[in-house]
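Start from chain G and add chain P with the ligands according to the hints.
Protein chains: 2
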Amino acid sequence: GGVIGATVVSNKQVVFRDYVTGFPKESDLLITSNTVDLRIPAGSTTVLLKNLYLSCDPYMRNRMRKPDPSRPATAQSFLPGKPISGFGVSKVMDSGHPDYKEGDLLWGAVGWEEYSVITPIPNLHFKIHHTDFPLSYYTGLLGMPGMTAYAGFYEICSPKKGETVFVSAASGAVGQLVGQFAKLMGCYVVGSAGTKDKVDLLKNKLGFDDAFNYKEENDLNAALKRCFPEGIDIYFENVGGRMMDAVILNMRPHGRIAACGMISQYNLQIPEGVYNLSLITYKRIRIQGFNAIDYFHKYSEFSEFVVPYIRESKITYVEDVADGLESAPAALVGLFHGKNVGKQLVVVSREKK
Amino acid sequence: GGVIGATVVSNKQVVFRDYVTGFPKESDLLITSNTVDLRIPAGSTTVLLKNLYLSCDPYMRNRMRKPDPSRPATAQSFLPGKPISGFGVSKVMDSGHPDYKEGDLLWGAVGWEEYSVITPIPNLHFKIHHTDFPLSYYTGLLGMPGMTAYAGFYEICSPKKGETVFVSAASGAVGQLVGQFAKLMGCYVVGSAGTKDKVDLLKNKLGFDDAFNYKEENDLNAALKRCFPEGIDIYFENVGGRMMDAVILNMRPHGRIAACGMISQYNLQIPEGVYNLSLITYKRIRIQGFNAIDYFHKYSEFSEFVVPYIRESKITYVEDVADGLESAPAALVGLFHGKNVGKQLVVVSREKK
Ligand SMILES: NC(=O)c1ccc[n+]([C@@H]2O[C@H](COP(=O)([O-])OP(=O)(O)OC[C@H]3O[C@@H](n4cnc5c(N)ncnc54)[C@H](OP(=O)(O)O)[C@@H]3O)[C@@H](O)[C@H]2O)c1
Ligand SMILES: NC(=O)c1ccc[n+]([C@@H]2O[C@H](COP(=O)([O-])OP(=O)(O)OC[C@H]3O[C@@H](n4cnc5c(N)ncnc54)[C@H](OP(=O)(O)O)[C@@H]3O)[C@@H](O)[C@H]2O)c1
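Chains as they are written, first to last, in this note's numbering: chain G, 7 to 359; chain P, 7 to 359.
These are computed hints drawn from the structure, not numbers from a lab. Some hints could be false.
For chains that are exact copies, the list does not tell them apart, and a pair is met inside one copy or across any two.
Capping the alpha-carbon separation at 30 Å, the derived lysine-lysine pairs in BS3-like fashion look like this [said to hold, decoys possible]:
{"hint": "1", "residue 1": "Lys304", "residue 2": "Lys167"}
{"hint": "2", "residue 1": "Lys231", "residue 2": "Lys221"}
{"hint": "3", "residue 1": "Lys231", "residue 2": "Lys72"}
{"hint": "4", "residue 1": "Lys304", "residue 2": "Lys166"}
{"hint": "5", "residue 1": "Lys166", "residue 2": "Lys189"}
{"hint": "6", "residue 1": "Lys189", "residue 2": "Lys320"}
{"hint": "7", "residue 1": "Lys345", "residue 2": "Lys231"}
{"hint": "8", "residue 1": "Lys209", "residue 2": "Lys221"}
{"hint": "9", "residue 1": "Lys209", "residue 2": "Lys345"}
{"hint": "10", "residue 1": "Lys345", "residue 2": "Lys211"}
With the rest of the complex left out, here is chain G (with noise of 0.2 Å):
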């Protein structure tokens, strides 16, 4: 931002237009610019952040609908005319809150803006304290997405050592961790996703044991068995609709599945169906589903977990940084059109100053 007043400054805004039905477009949310003064009024106990990063997540589609009593109150709706706000990665410039002081790095919820002015809430907002990775990092293996991965596969799909394990979006934020964690647990690990070149990073890059591209295959049942004579215990979900029915035809009996998310139906007005639920109760299946959120207690014990991975070169993260705000309209929405190729993040300024 420019320096406007002694400490004002501009702040530019990824503002939502209004709420969303079908596929969200760029144009549903607009680059704007707002003042923000860099100090924090005396006796406030807010924090100033400079934002740096800025996840891009599939949720965020959800908080574009328009808000329905009928439906669950899951995220709040996006304010029409208001900045958009998700998960990013900020430093702080001034604080009032005794935690916090300024020059500390922080992840968690903030204004898609330059800068935000936040009340810190426990298990929303965390301070980083392993800067010997990409910062970038907190968006996406270290951050929400990270913690999707290791509640979603060691606390929900109860995974065994041998097990046979199918991931869905896999080359994406989630998945490619959900398969490197299995392949770590020695489980057999196969992924789908939706072009050739997210199936060679899979097999080439991320250690999956087999890949393929749902787009090119016309019987999902066929490639399932394909890869898996002899069914799968594990399926990671991320996808649904279609997908979910030919998994159900290719689990084993006493499978799981972890319903982590259904990017395939946030877009649609009328969702498809699922026809193969009846099997669930002859393969004693269980489908259980999770929000991140409710595990973010435990993200010291995640970060333990996984910092001696990074460091030893056993995890991997793939990442897709699109630059700058004025970006970051069109890395959300490419979310939906699988545009992005790992994580997809939006770099608001490198500076760390």
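Then chain P with the ligands, alone, in the frame of chain G:
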């Protein structure tokens, strides 16, 4: 059976005509006759049973399906031209097995016929020790459906006092018990059933807090909202299809669905779609399929649990009794049209001698 030789008598049987598609018809089952020797040959360890009561169970529809290698071998298909089999209550006439002697009563897997020769299998055949109840209870309350309700409710639903419980096909063999178990635990319990008489039974005899006739509700979502203004913690799923969709809309966060069965789907060549599954992520819903057979090793635990409640009249049981093997096809087929009021069973012989 009439006496033919010294110990050879005729043996009426219910024979499977051929594989079934769509709704089963009475004519898919034929009443024929055979002969059987009432003496077990020397050296054999088999047991000769006189069958007293036979259990009509919805899962038997799946055994009428043509074997399909692409589907899981859930229960083996019936053999065309051979008698069908199921669960029954029988009296031992002769035995070459060390654990069984003439006059013993047992329940377990038998043919649909007057006399069966079986090889007793642990956890598939159980000696009957309590005879101060109607013996027919061992087709229902004290048999497989009882174990289903017990394992399904206590092991799968994770129930807590004060929670709200919805049971579909609530007046049936399993449902009426689930509702009573839930009431004993201090839950708020609502059931659905297909006639006004069944709804009255639920409210006035079986102790449900509320009940509705799903055939008279053109908006199942609205019916559930009316009965559960604060939502459903536990759904005991006997029905599937559109009922599951309506329930998912009304589940509370962290709700549990015990996928006991989906009878509304068993006779459809193209199953109904379920459209609201993406809500299971946001609501953290768990759906767990299970099979009572996996819990049969806990039968004596169940029996010790439930027998005192029966003796103290704290649990009651509604049966629908068809008389004679000739009535068995209609009784079995009737399940899929809701003809049964309570547990459907067939009396083959009332004589205990
Ligand atoms: N439960 C939780 O707490 C939680 C937390 C984070 C994320 N999630 C969920 O986890 C899933 C993955 O999230 P992520 O952050 O890792 O996103 P991501 O995979 O990095 O990005 C989304 C990807 O989804 C795929 N996709 C988009 N539309 C699709 C469609 N119609 N059918 C199949 N695939 C489609 C695209 O990859 P392809 O090229 O492969 O199509 C796209 O790249 C989402 O469902 C998300 O909502 C849940
Ligand atoms: N997982 C296991 O181990 C296990 C064991 C036993 C039973 N089960 C399952 O549990 C469920 C209940 O079995 P049960 O033995 O207690 O049978 P039941 O309820 O005594 O008899 C079946 C009842 O289902 C209802 N029904 C039939 N068609 C229907 C439809 N299209 N839509 C809604 N309801 C329908 C009818 O009652 P209405 O008049 O109310 O329609 C009928 O009386 C079945 O799904 C069965 O397969 C599972």
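Evaluation of the provided hints:
1. Lys304 - Lys167: Close inside one copy (23 Å) and across copies (29 Å); limit 30 Å.
2. Lys231 - Lys221: Within one copy only: 16 Å inside a chain, 39 Å across chains, cut-off 30 Å.
3. Lys231 - Lys72: Close across copies (21 Å), not inside one copy (40 Å); limit 30 Å.
4. Lys304 - Lys166: This pair counts as both: shortest intra-copy Cα distance 21 Å, inter-copy 26 Å.
5. Lys166 - Lys189: within (11 Å within a copy, 37 Å between copies)
6. Lys189 - Lys320: within (10 Å within a copy, 52 Å between copies)
7. Lys345 - Lys231: within (28 Å within a copy, 40 Å between copies)
8. Lys209 - Lys221: So Lys209 and Lys221 pass the 30 Å test inside one copy only (17 Å; across, 52 Å).
9. Lys209 - Lys345: Within one copy only: 19 Å inside a chain, 56 Å across chains, cut-off 30 Å.
10. Lys345 - Lys211: within (19 Å within a copy, 60 Å between copies)
Checked against the numbered hints above, the structure breaks none of them.
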